[in-house]
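> Chain by chain, the residues run as shown.
Number of protein chains: 2
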Amino acid sequence: MNHADPIQRLILAFSRLPSVGEKTAARFTFYLLNRDQEVTEELSNALNALHSTVQFCSTCANLSAQDPCRFCASDKRDSSQICVVEDVSALMAIEKTGEYRGLYHVLHGVISPFEGIGPDDLKIAALLRRLQGHAKADSLSDMEVILATNPSVDGEATSLYLSELLKPFGVQVSRIASGVPMGSNLQYADQLSIAQALVRRRAL
Amino acid sequence: MNHADPIQRLILAFSRLPSVGEKTAARFTFYLLNRDQEVTEELSNALNALHSTVQFCSTCANLSAQDPCRFCASDKRDSSQICVVEDVSALMAIEKTGEYRGLYHVLHGVISPFEGIGPDDLKIAALLRRLQGHAKADSLSDMEVILATNPSVDGEATSLYLSELLKPFGVQVSRIASGVPMGSNLQYADQLSIAQALVRRRAL
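As they're listed, the protein sequences go chains L and R. Each residue of the first sequence is one higher than the one before, starting from 1 at the first, in the working numbering. Each residue of the second sequence is one higher than the one before, starting from 1001 at the first, in the working numbering.
Because the hints were derived from the structure by calculation, they are not lab data. Worth double-checking, as some hints may not be accurate.
List time: in silico DSS-like cross-link candidates among lysine-lysine, alpha-carbon distance up to 25 Å [claimed, not checked]:
{"hint": "1", "chain 1": "L", "residue 1": "Lys23", "chain 2": "R", "residue 2": "Lys1023"}
{"hint": "2", "chain 1": "L", "residue 1": "Lys96", "chain 2": "R", "residue 2": "Lys1023"}
{"hint": "3", "chain 1": "R", "residue 1": "Lys1076", "chain 2": "R", "residue 2": "Lys1096"}
{"hint": "4", "chain 1": "L", "residue 1": "Lys76", "chain 2": "L", "residue 2": "Lys96"}
{"hint": "5", "chain 1": "R", "residue 1": "Lys1096", "chain 2": "R", "residue 2": "Lys1123"}
{"hint": "6", "chain 1": "L", "residue 1": "Lys96", "chain 2": "L", "residue 2": "Lys123"}
{"hint": "7", "chain 1": "R", "residue 1": "Lys1096", "chain 2": "L", "residue 2": "Lys23"}
{"hint": "8", "chain 1": "R", "residue 1": "Lys1076", "chain 2": "R", "residue 2": "Lys1023"}
{"hint": "9", "chain 1": "L", "residue 1": "Lys76", "chain 2": "L", "residue 2": "Lys23"}
Residues from chain R shown here face chain L by an in silico Cβ test under 8 Å; the list is partial [what the hints assert, rightly or not]:
{"hint": "10", "residue": "Arg1027"}
{"hint": "11", "residue": "Leu1032"}
{"hint": "12", "residue": "Leu1033"}
{"hint": "13", "residue": "Leu1047"}
{"hint": "14", "residue": "Met1092"}
Backbone N, C-alpha and C define an ideal beta-carbon position, used for all residues, glycine too.
Could you build all of it, start to finish, from the sequences and the hints given here?
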C-alpha cells in the first residue's frame, strides 16, 4: 500500500469503519471517484460538522447540535415519561416507531464488569439529578421511567440496578417487554426469547 | 429526518455510498462519534484530497496523484507487456497477486450496447496511440497485450473487439484464462465456469 496515494489513503480511512474491509473500502472509493465531486464534498463536510457541533444535551445526555436537544426543548413531548436507553441509536430506533411521545435519557453504555464499566462511567448521576430537579415542580408519583436497555445480560443487569436506584424516588419504573419478535416464526426463534414469551404471557 | 442535525446529516451522506443503508450509515456515524476526532478528520481530509489530486495517467489512464502513474514511471516494470483492465479496482486486484510485472491500460468501462457505452466512451484510442508511439522505438512483435476485462458478456465482447483492433499492429494478443476458481468445489461451481474449464483443458 502506498499511503501517499490519495486513492489508497481514502481506502485506508474507509476501512477503519466498523465491518468495512479493504474491498468494501475500495468500492466506496471508486464509487465516489465516478460520481460528481459534490457527493464526496458533502460527506467530507458532514464529517467535519460532526465533532465540532455535536454535544451532550445537559438534560438527557442525547447527542445533538442544540442544548437542550429537540426532545427536551419540545413542548409537545410528554414530560411525565422518561425512557432510559443505552445509546443514541436505541433512541432513534424507538423514535422511529412513532409509539413514544415522552422524553429520553441516554446512558451511553451499560454496566459491564467484564469490560470494566461501572455506574460512574454512565450518565446515571445526571438521571438522578433530573428526578431530584423534578421533585420540586411536579409530583414524582405521576412519573414513569421506562427502562429500555437492550435485553442482553449487561442490559438486564443495568435495568435491575437502575430500578433499585429509582424506586426510592417514588416514580413508577417499568421495563420494556421481551419475547418472540413480531412476525417471526417460533421454529427459528432463540430459546431465551421463547422462554420469555412463555413466562411473560398475558391473559386474553 | 432533521437534516440540520449533524448526526442525521452524516447518516444521510454515508447512506449514499453503495450498499450502505440507513442502519449501516448510523452505525458508521455512532462509531465515529465514539472515537477520537482524528479518525473522523482523517476520513474527511482523505475525501477532500480525492478529487483535487487524482487524475488520469496520460499514458495508461490509471487514476493517480502523479502523471505518469507509478507503473508507467517505474523502470522496474516490463514495458513489453500491457495488461488491459476495465477499471482501477481490477488493476489493484491483479497487482495484489504479485504475479504481474508489466504495464497496464485502464479502459474505464466495457463496451455495452445495452447501457449505450461504445468504443469511443472508453480509453481505447489512447491504447492505440500508445502502440503507435511504441512502433517507432521497439519492435511491436516482441510486445504482448493481455486482455483482462472481466469474463462477463460485455467483458468478453470488449476483448474480442480489442483483439481485432490490436492484431493489425503485429503485437501478441492474449486473454486471461477462465475456468473453475482455484480452491473451489465442482459441486458448487456455475455451469459456465465448468464448461470453460472443460473446453480450455490443458494437456499434462
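> Does each hint hold? Answer for all of them.
Evaluation of the provided hints:
1. L:Lys23 <-> R:Lys1023: OK: Lys23 of chain L and Lys1023 of chain R at ~20 Å, within 25 Å.
2. L:Lys96 <-> R:Lys1023: Measuring from Cα to Cα gives roughly 12 Å; hence the hint holds.
3. R:Lys1076 <-> R:Lys1096: holds, 16 Å
4. L:Lys76 <-> L:Lys96: holds, 16 Å
5. R:Lys1096 <-> R:Lys1123: Distance of about 23 Å is within 25 Å: holds.
6. L:Lys96 <-> L:Lys123: holds, 23 Å
7. R:Lys1096 <-> L:Lys23: holds, 12 Å
8. R:Lys1076 <-> R:Lys1023: Violated - the C-alpha atoms of Lys1023 of chain R and Lys1076 of chain R are around 46 Å apart, more than 25 Å.
9. L:Lys76 <-> L:Lys23: At roughly 46 Å apart (the allowed maximum being 25 Å), Lys23 of chain L and Lys76 of chain L break the hint.
10. Arg1027: The hint holds - Arg1027 of chain R has a Cβ within 8 Å of chain L, the shortest such distance being about 6 Å.
11. Leu1032: holds, 6 Å
12. Leu1033: holds, 6 Å
13. Leu1047: With Cβ-Cβ at 4 Å, under 8 Å, it holds.
14. Met1092: holds, 7 Å
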